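S.K.: Spelled out, the chains give:
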Amino acid sequence: DVKVTQSSRYLVKRTGEKVFLECVQDMDHENMFWYRQDPGLGLRLIYFSYDVKMKEKGDIPEGYSVSREKKERFSLILESASTNQTSMYLCASSPHGGWGRMITDTQYFGPGTRLTVL
Amino acid sequence: AQKITQTQPGMFVQEKEAVTLDCTYDTSDQSYGLFWYKQPSSGEMIFLIYQGSYDEQNATEGRYSLNFQKARKSANLVISASQLGDSAMYFCAMREGVFSGGYNKLIFGAGTRLAVHP
Chain Z
9 DVKVTQSSRY
19 LVKRTGEKVF
29 LECVQDMDHE
39 NMFWYRQDPG
49 LGLRLIYFSY
59 DVKMKEKGDI
69 PEGYSVSREK
79 KERFSLILES
89 ASTNQTSMYL
99 CASSPHGGWG
109 RMITDTQYFG
119 PGTRLTVL
Chain P
132 AQKITQTQPG
142 MFVQEKEAVT
152 LDCTYDTSDQ
162 SYGLFWYKQP
172 SSGEMIFLIY
182 QGSYDEQNAT
192 EGRYSLNFQK
202 ARKSANLVIS
212 ASQLGDSAMY
222 FCAMREGVFS
232 GGYNKLIFGA
242 GTRLAVHP
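Quick mapping for you: the protein sequence lines, in order, are chains Z and P.
Residue numbering for the first sequence follows the numbering used here, beginning at 9 and increasing consecutively.
Residue numbering for the second sequence follows the numbering used here, beginning at 132 and increasing consecutively.
These aren't lab readings, by the way, just hints derived from the structure by calculation.
Don't take every hint at face value.
Taking lysine-lysine pairs in the DSS-like style, the calculated list, with each CA pair at most 27 Å apart, reads [to be verified]: (1) LYS79/Z <-> LYS61/Z; (2) LYS11/Z <-> LYS65/Z; (3) LYS236/P <-> LYS61/Z; (4) LYS147/P <-> LYS65/Z.
Owing to the predicted nature of the structure, the values given are computational and were not obtained by experimental measurement.
Work out the full structure, taking the sequences as your base and the hints as a guide.
M.R.: Have a look at this one:
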């Protein structure tokens with residue numbers, strides 16, 4: 009089975025802090041993704057990575073950065089956390105490279121991190 | 132315009148009965164993929180079933196089946212013999228096939244919350 013793990017299930021941080029969310033997948037998948045999920049807004053793509061050290065902006069990259077130094081690990085960084093970044097953050101991975109052009113490229117998700125910024 | 136529409140914010144069903152969760156989509160592509168995910172209260176998004184636009188048969192996975200009506204652009208999820216553990220949010224998602232210059236991302240609907248009553 010595909011296993012995607014996230015470093016924390018719940019996290020509470022203060023405004024202005026630098027926050028790291030870690031994601032690890034154990035299936036040698038090419039692509040990794042970070043989403044945030046908010047009530048009424050569904051899932052929104054923040055960033056994705058299709059290879060080590062490669063990253064692409066999603067729909068809402070402002071206020072976030074990412075790092076992928078190893079194939080299995082994809083980190084989301086909030087440089088200076090703000091209250092409007094309080095949300096559920098979901099990491100996902102998918103097997104097919106090539107910018108995910110394969111229709112069947114299924115994404116597998118981690119358990120999520122519920123971040124609260126005070 | 133909404134690409135994925137799930138018109139039922141909430142549904143309930145009696146245990147052991149079947150339930151249909153609606154999903155309509157909007158695309159001008161001929162080649163696309165449709166996905167259903169389940170999100171229990173624990174937060175993890177669980178992949179359930181996939182249907183390709185060129186697949187002639189409706190997809191089935193255990194108690195899950197996808198009622199794919201291409202002309203109507205609908206991809207409804209049918210859960211047979213509902214169980215208490217089926218209580219969750221259910222998301223329909225689509226990936227379009229035409230390369231648009233970037234990653235062909237998954238587009239999610241707003242979700243339907245299903246409650247299974249004993």
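S.K.: For every hint, state whether the structure bears it out.
M.R.: Hint-by-hint comparison with the structure:
1. For the given pair, LYS79/Z sits about 9 Å from LYS61/Z by alpha-carbon distance, which is consistent with the 27 Å threshold.
2. Of the supplied pair hints, the one linking LYS11/Z and LYS65/Z holds, its CA atoms being roughly 24 Å apart against a limit of 27 Å.
3. Simply put, LYS236/P and LYS61/Z have alpha-carbon atoms about 20 Å apart, close enough for the 27 Å limit, and the pair holds.
4. Between LYS147/P and LYS65/Z the CA atoms are separated by roughly 44 Å; this puts the pair beyond 27 Å, and the hint is violated.
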